[in-house]
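Each chain is listed here by its residues.
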Amino acid sequence: MARRAQPISALPGAGAALLVAALIFGTLAAVALRAEAGRGFGSSDWAALRFTLIQAVLSATLSVALAIGLARALARRRFFGRSVLIALLGAPFILPVIVAILGLLAVFGRAGWVSQALGVFGFEPLQIYGLHGVVLAHVFFNLPLATRLILQGWQEIPAERFRLAAQLNAGPRAIWQLLEAPMLMRVVPGALAVVFAICLSSFAVALTLGGGPRATTIELAIYQAFRFDFDLGRAALLSAVQLVLTGLAAFVALRVSAADGVGAGLDRALRRWDGDSSLARGLDVFWILSAALFLMLPLAAVVSSGVSGLFLLKANVWMAAITSVMVSALSTLVLLLLALPMAAAVALGRSAMIEVAGILGLAASPLVIGTGLFVVIYPFADPFALALPVTALVNAVMALPFALRILVPRAREVTARYGKLSLSLDMAGWPFLWQVFLPRMRPQIGFAAGLAAALSMGDLGVITLFADPEVATLPLQIYRLMGAYQMQAAAGAALLLLALSMGVFWILDRGGRWHAEA
Amino acid sequence: MLRLETCHIQNGAFTVQADLQIKPGSKVAIIGPSGAGKSTLIEAIAGFLPLTQGRILWRDRDLSAMAPGKRPVAMLFQDGNLFPHLTVAQNAGLGLRANLHLSPQEQAQVQHALERVGLGDLAELTPAALSGGQQSRVALARVLLQRRDLLLLDEPFAALGPALKAEMLDLVAEIAAETHATVLMVSHDPQDARRIADQAILVADGKAHAPLATAEVLDNPPPALKAYLG
Numbered sequence: 001m002a003r004r005a006q007p008i009s010a011l012p013g014a015g016a017a018l019l020v021a022a023l024i025f026g027t028l029a030a031v032a033l034r035a036e037a038g039r040g041f042g043s044s045d046w047a048a049l050r051f052t053l054i055q056a057v058l059s060a061t062l063s064v065a066l067a068i069g070l071a072r073a074l075a076r077r078r079f080f081g082r083s084v085l086i087a088l089l090g091a092p093f094i095l096p097v098i099v100a101i102l103g104l105l106a107v108f109g110r111a112g113w114v115s116q117a118l119g120v121f122g123f124e125p126l127q128i129y130g131l132h133g134v135v136l137a138h139v140f141f142n143l144p145l146a147t148r149l150i151l152q153g154w155q156e157i158p159a160e161r162f163r164l165a166a167q168l169n170a171g172p173r174a175i176w177q178l179l180e181a182p183m184l185m186r187v188v189p190g191a192l193a194v195v196f197a198i199c200l201s202s203f204a205v206a207l208t209l210g211g212g213p214r215a216t217t218i219e220l221a222i223y224q225a226f227r228f229d230f231d232l233g234r235a236a237l238l239s240a241v242q243l244v245l246t247g248l249a250a251f252v253a254l255r256v257s258a259a260d261g262v263g264a265g266l267d268r269a270l271r272r273w274d275g276d277s278s279l280a281r282g283l284d285v286f287w288i289l290s291a292a293l294f295l296m297l298p299l300a301a302v303v304s305s306g307v308s309g310l311f312l313l314k315a316n317v318w319m320a321a322i323t324s325v326m327v328s329a330l331s332t333l334v335l336l337l338l339a340l341p342m343a344a345a346v347a348l349g350r351s352a353m354i355e356v357a358g359i360l361g362l363a364a365s366p367l368v369i370g371t372g373l374f375v376v377i378y379p380f381a382d383p384f385a386l387a388l389p390v391t392a393l394v395n396a397v398m399a400l401p402f403a404l405r406i407l408v409p410r411a412r413e414v415t416a417r418y419g420k421l422s423l424s425l426d427m428a429g430w431p432f433l434w435q436v437f438l439p440r441m442r443p444q445i446g447f448a449a450g451l452a453a454a455l456s457m458g459d460l461g462v463i464t465l466f467a468d469p470e471v472a473t474l475p476l477q478i479y480r481l482m483g484a485y486q487m488q489a490a491a492g493a494a495l496l497l498l499a500l501s502m503g504v505f506w507i508l509d510r511g512g513r514w515h516a517e518a
Numbered sequence: 001m002l003r004l005e006t007c008h009i010q011n012g013a014f015t016v017q018a019d020l021q022i023k024p025g026s027k028v029a030i031i032g033p034s035g036a037g038k039s040t041l042i043e044a045i046a047g048f049l050p051l052t053q054g055r056i057l058w059r060d061r062d063l064s065a066m067a068p069g070k071r072p073v074a075m076l077f078q079d080g081n082l083f084p085h086l087t088v089a090q091n092a093g094l095g096l097r098a099n100l101h102l103s104p105q106e107q108a109q110v111q112h113a114l115e116r117v118g119l120g121d122l123a124e125l126t127p128a129a130l131s132g133g134q135q136s137r138v139a140l141a142r143v144l145l146q147r148r149d150l151l152l153l154d155e156p157f158a159a160l161g162p163a164l165k166a167e168m169l170d171l172v173a174e175i176a177a178e179t180h181a182t183v184l185m186v187s188h189d190p191q192d193a194r195r196i197a198d199q200a201i202l203v204a205d206g207k208a209h210a211p212l213a214t215a216e217v218l219d220n221p222p223p224a225l226k227a228y229l230g
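Protein chains in written order, with the numbering used here: chain W, 1 to 518; chain U, 1 to 230.
Because the hints were derived from the structure by calculation, they are not lab data. These numbers were taken from a predicted model, which means no experiment stands behind them. C-beta atoms are modelled at their ideal positions from N, C-alpha and C, and glycine is treated no differently. Any given hint could be a false lead.
What the hints assert, rightly or not - Pairwise CB distance ranges (calculated):
1) Met353/W <-> Ala215/U: 22 to 30 Å
2) Gly12/U <-> Val57/W: 28 to 36 Å
3) Ile507/W <-> Arg59/U: 54 to 62 Å
4) Val57/W <-> Thr52/U: 54 to 62 Å
5) Leu438/W <-> Gly12/U: 24 to 32 Å
6) Leu438/W <-> Ser64/U: 52 to 60 Å
7) Ala215/U <-> Ala159/W: 52 to 60 Å
8) Gln107/U <-> Leu88/W: 46 to 54 Å
9) Gly247/W <-> Glu124/U: 49 to 57 Å
10) Gln10/U <-> Val57/W: 49 to 57 Å
What the hints assert, rightly or not - So, partial list: chain U residues that the calculated Cβ filter (under 10 Å) puts toward chain W:
11) Pro68
12) Lys70
13) Gly80
14) Pro84
15) His85
16) Arg142
Looking at chain U on its own, in the form it has when it is part of the complex (with noise of 0.2 Å):
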């Protein structure tokens, strides 16, 4: 379980709170109007904000003293989530080590996950020479590896075409269910959210609301979400 109690989460001048639980294993997207808060609330998990108040607990392990990079977290974020200086091989092996350091079987390893999400020859190639869609798959190769418990998407596929950003999200269902890991997706497109997502939680007001089920959230919208959906 993905506890929040009683948290309040301070980003800048305004506050997000947040008291609910996620299953294990559940795809969750995070829905509301833009400023609400969506990307505080996946940035306070992920360890970049601070709580002012309450914890964060994954499977009654406390989090909220960790450091991003030892929780079992592993974020997308909404751009720049490659190294331009580095190799498609280096980008996706910083998922095993973090000084690249690899011994000949996580080579393999990384050699691997590449194949896995279809660039298992532009391994040698930088960042640059990709496409749009190739560069979020080399960032998904990189999530394969690191083999976290919790996947968190800040909408790293916005930038990408409507065909292609489904394509990504099947991906990112695929990735989530070999690897077992909870998903936790901000997004601002309904479709997406009906796409993998069987859970959604509002943020909308400072508050981010329980989770229910996609469906129901989005065919009967409360206030808050219907004044955003129009």
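Bound conformation, chain W alone (with noise of 0.2 Å):
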């Protein structure tokens, strides 16, 4: 026997990643072919450059040094309902970005509360587009993860070393110096560089909030570029430009971050006996009554001005969200058949190569992505009649680096553990698959199902390159109404969009979970 035996095939999973890289770098390829040479970066490529790194820099910065007070506060507070909102800090993953900006569009916006509330004393109301805006928006999505990120390294702080330090009667300033600091100076980079790069292949915020000449992202700019222009040579530059970019900010983060913020156990709460004084509480309840502010009234916002504009939903609207579930059931059953097999040939330690195609879809940018496939589709077919495949496609791509996340640490357990009694009883290939590896992994493709599923009806990307006006998602029906000012029905669309998306997820998510036996 040359080598050991598997219990189940590593060359589907194997198949899977050649797949996935394949559309992923075939897509690139056939967008570079289509870069003309010499035409070089105009004056508005170099803008959108610029606005992009300016504002990924200023996303990133202001959500890790709030999520770094904001994680303090958590990590120090034991209250009534801390387990529920550290939960909540997980649900922006799976919330559309849609949304969200219609929520904070109800808040921050000129006709907003806060507008109204500055109103009732004289001052002007808020702009809410343009640079700020979309960091707004950035902010909002992703303060809650860097403040997971963060706060695991909080909890990572054995809790001995708490004892020892108010044993020895450390002040504030002494834990700081202590454990605090350097802890940070640990965790900080890979929150920076995880949020970074997220912000950098922002597309659905700089759509909506941004725009014009001085605040479009190269995301937005290859879609203008295609949409309007159909400028094909130059849609084919910047997402050469921005594959470079994400690639960067990609490797990066994976290289200076630990952590991933799924981890569980961070609702616990370790017991403190630093920050009594009435100064730092009082500050741990700013921070924390503030954030959850922040966080829940852009929701609540959607949640009130919607259920009236449900009553106004045309007929189109309930299509669109046929459609979409109707994508979203799709992209999840592409994901599961790339991400199960891929997730097995890893946990039998196959090749490092399956891993990194894996990963590709962090640093891939779905709209090069899509535009790609427009590029290879064209000549054979119309392609925006494949609208709703290609975008199924390219949200189970973009979901496959989370799935795996989930699926493979599962997966290395199952095969461990029941690997050779597998083999000893003949189990080997479909009976292993049925009977063993599939029922033993059922939460884990709950979980990464529920996810793949929301992200999927959410997504407001790649449908936006393909679609003709019969056809739409119900994110990109939901701007289109925004687009034509009928924000009551935009917001009961959202709020219809918010209830699928998270239905969806909890529907897969406990039913992965039912009657699994531990």
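Make the complex out of the two chains shown on their own, each in a separate frame, by following the hints.
Structure, rendered in structure tokens:
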């Protein structure tokens, strides 16, 4: 026997990895071939690059700076609803961008709550469009993520250290120097890099709150080159720049970040003996209350204005909702067909290349893949007719890195624990897959499928490239309603989208854990 | 005859050598210091570790290139012998069919095996609802259904108390007698070896020695074993 026996083949996983790599690199090559040499980078392209970098730096710095205060407050306070608040910090991940934007507009927009309050005192209303609007939305999405990453750092300081510090009568300053500052030095660069990388490829936020020559990201510029000018050469050039940028950022982020923010045990409260002064207490209460308000008010706004909007929904919104459910289902299916074999192959330790292929989705830009697919499909078929399958496919590839992070550790555990027993019972192959692997993986499969379904349901990306007026997913339909200033109907549709996204996540996640044996 | 011909078994950095024969129907204890390679030897026979040299034959048939599940071997591991999401009946039924598509006749066979080990009325429970001893009995019911020529035990009862362990070893002896199986049993407890094994293989210093009568080995232990037994 030359090789160790394995209960399941790694070949399908290698095939899936190859497919993903071919999709990402193939579309890139297709785009690159269309990029015309010698055209160079125009002034508006430079502006897009500059804006992309500036907003990403600002968003990352602000998100992480605020997250440090919030994480510190959460780490040393125990209060009613603490675990609920921490769980809610995970929610923006599956919150559709367009829903959050509507919420932010309702709170911070020209006619929003804050502007109205300012108006009472005779101040000018807020102006949300432009750089600060984009940064505001990015902070809304990434403050929770950064908080979870940094809170994880705090939780990983052993309880004994705090006990020792208390025993030595160390004050807040000493605890900061001894314990907290070194931990932050370790954790903060990773959090900064992750948020920076996420904000680089921001599309939907820039599409709705940015725009114009002074607030266009590269992703948005790709869309405009493609959609308004149908200038494939320019779209390709911008795509190449975007890919280098996101690739570098993702590489750096993976290098410097250890934690992933999805770890369990974040709601565990450490026993602390410091921070008992009334100043520290007041400060922490301020952090927690203002963060909770900042994160929850926009959602409350969507819900409250959406309820009445629900009755204004026309048939085309319901059609869009059905379309979105179908795209989401297809995307989830594709994701599982890719992710499960890949997770199994990685668990068998077959090849590091498979893991790399899984991470590619982090560096790839959906709009670049979309543009590339358009170029590839165009000579053979009408790309607009394939808008929905293409959207589902791209969504699946984008969800792949997250799905693998969820599936791989469990797949390792299952093959390590039950591999030999299954082999000795002659269960290699299908019996292992059906009787052992899938049943043992069910909670993780449900969680990954829930994430993928919710992400796809709320995605406003590739679909904007391909859609013709006849076809729309629900997020695109909401965007169109906003463009037509039908804000009431948009809010109603947003509430529907919110319910659908959270609903599919809940159903799939619950379904996975339903009657699952430990 | 189970023949290990000039076998070199690689397990990570270290190698175990074995060149020995075991008579069909015998019950053999594998003893020796921990880390000497007792489990390595048994896992090579089961097909989990490759041979870098030599071959393993059972009744003149070369097993060396066969997949673990295709060998005439039933094995019980130190732990994790049951699938927690399958019922007692399903866990035992895996001994008949890996895909669990059992005919009514096979289902009756499973029920019969469960009754044989004293678990007739627990068939629909999952392992979590059973005691440690009952879990061992489910695994033994499966061994009964597998009807393989060789039964390999890698200390599956180590977590049980002394009385329960003795009970299980007696059940193993009965099952081996009923299925005419040859038993190889890893053990670090000389009492276990004396209880059911008529022969013992000493594994020490990277070498598995030819089997000798258990009482003889334990009463006049060679230096390596003496150091271990104290």
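Hint check:
1. Restraint check, Met353/W to Ala215/U: a C-beta distance of roughly 57 Å breaks the suggested window 22 to 30 Å.
2. Between Gly12/U and Val57/W the C-beta distance comes to about 48 Å, which lies outside the given range of 28 to 36 Å.
3. In this structure the hint that Ile507/W and Arg59/U lie 54 to 62 Å apart at CB holds, the actual value being about 56 Å.
4. Hint check: Val57/W to Thr52/U, Cβ distance near 57 Å, so the stated range 54 to 62 Å holds.
5. A hinted range of 24 to 32 Å for the beta carbons of Leu438/W and Gly12/U is consistent with their spacing of about 31 Å.
6. Checked against the hint of 52 to 60 Å, the C-beta distance between Leu438/W and Ser64/U comes to roughly 32 Å, which is inconsistent with it.
7. Between Ala215/U and Ala159/W the beta carbons are some 54 Å apart, a value that agrees with the proposed interval 52 to 60 Å.
8. A beta carbon spacing of about 49 Å between Gln107/U and Leu88/W agrees with the range 46 to 54 Å that was offered as a hint.
9. The supplied range of 49 to 57 Å is met by Gly247/W and Glu124/U, whose beta-carbon atoms lie about 54 Å from each other.
10. For the pair Gln10/U and Val57/W, the supplied restraint of 49 to 57 Å holds, since their beta-carbon distance comes to about 54 Å.
11. At a threshold of 10 Å, the smallest CB-CB gap from Pro68/U to chain W is about 4 Å, leaving the interface hint in force.
12. With a least beta-carbon distance of about 6 Å to chain W, the hint placing Lys70/U at the interface is held under the 10 Å criterion.
13. The beta carbon of Gly80/U is positioned within 10 Å of a beta carbon in chain W (closest approach about 5 Å), and the interface hint is therefore held.
14. With its C-beta approaching chain W no nearer than about 5 Å, Pro84/U sits inside the 10 Å limit, and its interface hint holds.
15. A cut of 10 Å between beta carbons decides the hint on His85/U: the least distance to chain W is about 5 Å, and the hint holds.
16. The closest approach between the C-beta of Arg142/U and any C-beta of chain W is roughly 8 Å, which is under the 10 Å cut-off, so the hint is satisfied.
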